[in-house]
Amino acid sequence: MSPVLKIILQRLGLGLVTLFVVSILIFAAVNMLPGDFAQAILGQGATPEAVAAIRRDLGLDQPPVTRYFLWLAGALQGDLGNSFAQANFASFVGADSGGSAASVAKQIAPRFWNTMFLAGVTAVIAVPFAVILGILAALYRNSAFDKFANIFTLTSISSPEFFLAYVLILFLAVLNPWLPSLSNIYIGMGFGERLEKTLLPALTLTLVVTAHMMRMTRAAIINLLASPYIEMARLKGMSPMRVIVRHALPNALAPIINVVALNLAYLITGVVVVEVVFVYPGIGQLFVDSVKIRDIPVVQACCLIFAAAYILLNLTADIMSILSNPRLRHPK
Amino acid sequence: MSRLLTMTDVWIEGRADEVWNPIINGINLHLDKGEVLGLIGESGAGKSTMGLAAMGFCRDGVRISKGAVDFDGIDLLKASAGRKRALLGKRIAYVAQSAAASFNPAHRIIDQHTEGPVQHSVMSRSESERDAMELYAKLRLPHPEEIGFRYPHQVSGGQLQRAMTAMAMSCRPDLIIFDEPTTALDVTTQIEVLASIRDIVTQFGTAAIYITHDLAVVAQMADRIKVLLRGDEVETAETRTMLSHPKEDYTKSLWAVRDFVRPAKPAVHTSATPVVSVQGVTAAYGKVDVLHEVSFDIHAGRTVAVVGESGSGKSTAARCITGLLPPRAGVIEFDGVVLPADYRKRNKAQLRQAQMIYQMADTALNPRKTIGEIIGRPVQFYMGLRGREKRRRVEELLDQIELPAGQYFERLPSELSGGQKQRIGIARALAAEPKFIICDEVTSALDQLVAEGILKLLARLQDELHLSYMFITHDLATVRSIADEVVVMKDGQVVEQGPKAEMFTPPHHPYTDLLLSSVPEMDPDWLDTLLAERGIDNIGDAAINKID
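Line order of the protein sequences matches chains A and B. Read in the working numbering, the first sequence has 172 at position 172, and its numbers run on one by one without any break. Read in the working numbering, the second sequence has 442 at position 442, and its numbers run on one by one without any break.
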């Protein structure tokens, strides 16, 4: 077996183990939340009998270990359980609702795709922007441009997200009505319209994630500029741009890829504030709402998706870093 | 012949701690077309800085403060960056000391080779590729048709160095700066590279500045030699004149370095128990055996030199003795007692008896500890001394290595020179009061004069403290000066061993012969004679054998 394939399989295995451990942590953490769904839904005047009835019906009276394994077994088969909040309470009196409208998967799926769409649009804008900015900053290091790029990106990462969002709304939606300030997208919307409505939140997020990637690109490249092979390229009379793009960048890819992956993971898991500001129906809002009403199956599923996104993106970053190393691609 | 390069009254400064310090003090240098100038001196003499200045190039934190560099009518110090770039690589090329570090690891060799000609619009990509293969063949690289399509890490050091020479030739420049191109290579590989470089420079009539600290090498390569000392020129002369009649004392002292030879010691009693006895040791990294049934003895108060090319298993043998790499078979005896194979299973007394001195004193000393702490640590750990007693012992050790304790106790390693750092390494080994010390290429990173000082110190300590040394080296001059017995290794096997006198008198094992005859000699005709003896084809064959 080629060494690269072996490493990739190893990492994949490790990723699965991590995901398993994370699933235990998620389950434990969610169960440690004070109060439960029955109390939350019935309010303060609930009789103990009613609370107990709902708990029994939802299986909350089972010991935690049993519930964990039931949940895990379901999740492995692709069944993330049923949302408590969307459950048809008719079933409590014995009538089968017959529908799977309440399944967590059904509830999360559209939100998840919305989040992926937003993350995708942001990535397409932010990653090239940050990397090119980083390359230019490295090329003109210590110049006015370099300083401006650093200050600009640091300012934007240091400002609260909602503030950036309002500034963008002010300039791009209010003063110059180019883009819609509300991102109320729905199923069946055309791609163009969807893209237009997603653009403002995507730009906000771009401002949030650019600094990290740009500064890492700049640092990783500058780090290499003292290498003998960079000196060699200069002594061969290569232009500064060529020295950086052709000679430094390929060797600086590993750290850059890792930071990009980290920021992409953030785009999938950490954009609640931006979603709220633009009323964007993403998974972040759903997650927060579900925590509020202790809709445990949805919370767990969201957590699992977030964890899987982190693990998968880091795994991809690892693999791409490995592939960017010719020593591994072309063994002796 | 017409003048190609003229450097007039060049002053160069380097920046350290916000102050500009002089590196080169007003040196004049000129070079005719097709001429080879040798630039020689110890490290810190400013050779490389001068070589780069000949290209109008300064490293970061270095500046040419005064002077003029005229290359074929173009003032390189006044020319615009674009104008200079058009010359670099095309008319002036550079060959660096470490080809392994100077080839970009991310691109194939041929891609880096053709970059110059294509970017400078000298040849098309396919023309340059074909030309590269011809150059590889001329430089006697094995498989010239395909070697370029490998990545740098897939090619040996000697081959990379030749590929770099080919790359420097790619635009057929008028001038090449060779910056210590063979310093990092084994003697046997060095010959191949030297011969290749000289051939190709002669063939294309390229002028060259050949920078080295090795006199014997420069004697083979240069028409004229310029000696530098701390940024000043000592003297310049034709190679033969310089070798036969050096004028300045410093030049003469450089020449005399190789004369240090210890008197031979009486033979060892056959009944004596050796201090260290390596018996039939076979060791492996992973599944690959790298040592095959290696056996040798080291007796009290004697020095055994272990010689061989890199990869011959010298350092692996040392790792087995210290217990860092438990052997797969065979035993290590110390004073007739078998040592546990793994150092973790040895007790403190056993660990104390075998100490090590490393090649790179730079990396072997903790940069954040003072000299007192570095030496004090083993004093406390092995000898259990504390407080004032510990301090007294450290001062005693500093005394033994000829560094005044009052001055050095509180210093950090970064405040010492290379030779002084290596002395601290010796003191640290002595702190454990061992019987036996492994010296792993302890002088390879040092200049000849400094190295000689270290060798003399080691010899004196051996006499005073009755130490035994295992002296790992690839430098036969060092062997000649310090060894009592010699063990020659190749491919993880001992090919020959015996007293030094025997080893240096024929008949030799063929491999010993190859090693001995590969050591450059001062005679400017040495390389020609040797190549004629061996036949040039043999060198090519040797290179091919290496790759297979």
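Some clues are possibly wrong.
Stated by the list, open to error - On the chain A side, residues computed to face chain B include the following (Cβ under 7 Å):
1. Arg-141
2. Tyr-229
3. Leu-235
4. Met-241
5. His-247
6. Pro-250
7. Ala-254
8. Pro-326
9. Arg-327
10. His-330
To be verified - Dumping the calculated BS3-like pairs for lysine-lysine here, alpha-carbon to alpha-carbon at most 30 Å:
11. B:Lys-287 x A:Lys-6
12. B:Lys-390 x B:Lys-348
13. B:Lys-84 x A:Lys-147
14. B:Lys-345 x B:Lys-390
15. B:Lys-287 x B:Lys-252
16. B:Lys-456 x B:Lys-435
Hints were generated in silico from the structure; no laboratory data involved. If you're wondering where the values come from, they're calculated on a predicted model, not measured in any experiment. Note that beta-carbon positions come from the ideal geometry of N, C-alpha and C, so glycine has one too.
Hint check:
{"no.": "1", "hint": "Arg-141", "result": "11 Å, violated"}
{"no.": "2", "hint": "Tyr-229", "result": "4 Å, holds"}
{"no.": "3", "hint": "Leu-235", "result": "4 Å, holds"}
{"no.": "4", "hint": "Met-241", "result": "12 Å, violated"}
{"no.": "5", "hint": "His-247", "result": "5 Å, holds"}
{"no.": "6", "hint": "Pro-250", "result": "4 Å, holds"}
{"no.": "7", "hint": "Ala-254", "result": "11 Å, violated"}
{"no.": "8", "hint": "Pro-326", "result": "5 Å, holds"}
{"no.": "9", "hint": "Arg-327", "result": "5 Å, holds"}
{"no.": "10", "hint": "His-330", "result": "5 Å, holds"}
{"no.": "11", "hint": "B:Lys-287 x A:Lys-6", "result": "18 Å, holds"}
{"no.": "12", "hint": "B:Lys-390 x B:Lys-348", "result": "18 Å, holds"}
{"no.": "13", "hint": "B:Lys-84 x A:Lys-147", "result": "28 Å, holds"}
{"no.": "14", "hint": "B:Lys-345 x B:Lys-390", "result": "27 Å, holds"}
{"no.": "15", "hint": "B:Lys-287 x B:Lys-252", "result": "51 Å, violated"}
{"no.": "16", "hint": "B:Lys-456 x B:Lys-435", "result": "19 Å, holds"}
Violation of the numbered hints given earlier is confined to hints 1, 4, 7, 15; the remaining hints are satisfied by the structure.
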